[in-house]
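Participant: Sequence:
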Amino acid sequence: MACERKLVESEATTGFFVLLGTKGKKETLEWCMKANLIASHYECPKCKKNMRLQERKGTVDGYEWRCRNQSKDNRHDVVRSVRKDTWFSESKLAITIILRSTRYWFGKSMNAFVVNDLKVNKNTVVDWYMFCREVCMLACVKESEKLGGVGEIVEIDESLFGKMKYGKGRRVNGKWVFGGVQRESNKCFFRVVESRTKEELLKVIHEWILPGTTIISDCWKVYDCLSDEGYVHLRVNHSLTFVDPETGAHTNSIEGSWSAIKKGLHKAHVKGQFDSYLTEYMW
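Per our numbering, the sequence shown runs over residues 1 to 283.
Simulated from the structure, these hints should not be mistaken for lab results. What you are looking at is a predicted structure, and each value in this text was computed from that prediction instead of being measured. Some hints here could point you the wrong way.
Quick list of in silico lysine to aspartate or glutamate cross-link-like pairs, EDC-like style, CA-CA up to 16 Å [said to hold, decoys possible]:
| # | residue 1 | residue 2 |
| --- | --- | --- |
| 1 | Lys146 | Glu194 |
| 2 | Lys25 | Glu55 |
| 3 | Lys175 | Glu194 |
| 4 | Lys175 | Glu200 |
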């Protein structure tokens, strides 16, 4: 999947998260409304008038939308959660906790730190972090687009994740990941592949890289056919140099991506939610 990471945090937003633990429920809801995270108004389905935001003690959010009419012609009492049709609706946690947990996930805070700071259960943090990664997966699918084009450069490479040695030299096979990074942009794709055959890698290349793109790879023979597939192909022989002295070709961008991904992944992730962690990096 190719996607661009799009997130801009203003000083006001950052400051809000710093002080979020001291905010009251009403202030938190008002901030969420301004940020378009929850609705700022609701129309009553019975009378078509705007519902009122009223305090409701004993509820996790402290407030709810309500419209009450005592007239004989249209008597009704309609109540609606402030979370209706939002991503908060999937959780029973307080919105303040959800926002702070999301902030910690974005900052790659360790689970133990979040548990201690927010005074929540470890499984709660694990579940919410997983939910955030699922949102990343959906976002990457929605925003995905092919890389490259005439005049654009895409570096490609494959890397093995999770191959580990245990006692007595026994090896456990990991996962092969094939990826590409477009120069001068944040665009990238990474796909788990069952094998590194010419047929499988070409299928991924055609799926994610536009014809006419200049593709830079190492000298592995599988890539020898790229010039016949509608691409401009440059090679760099890593056994001799990291930068081709004649063409200037190099794969520093994709190599840097492998290092960053592996640094952020725990070995256990390869056995569990590897795809979701990989998508988190892409996002």
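Participant: Could you run down the list of hints and mark each one as holding or not?
Facilitator: Each hint tested on the structure:
1. Lys146 x Glu194: It is violated: about 22 Å lies between the C-alpha atoms, which goes past 16 Å.
2. Lys25 x Glu55: holds, 10 Å
3. Lys175 x Glu194: Holds, because 8 Å separates the two Cα atoms, which is no more than 16 Å.
4. Lys175 x Glu200: holds, 15 Å
Against the hints set out earlier in the document, a violation occurs for number 1 only.
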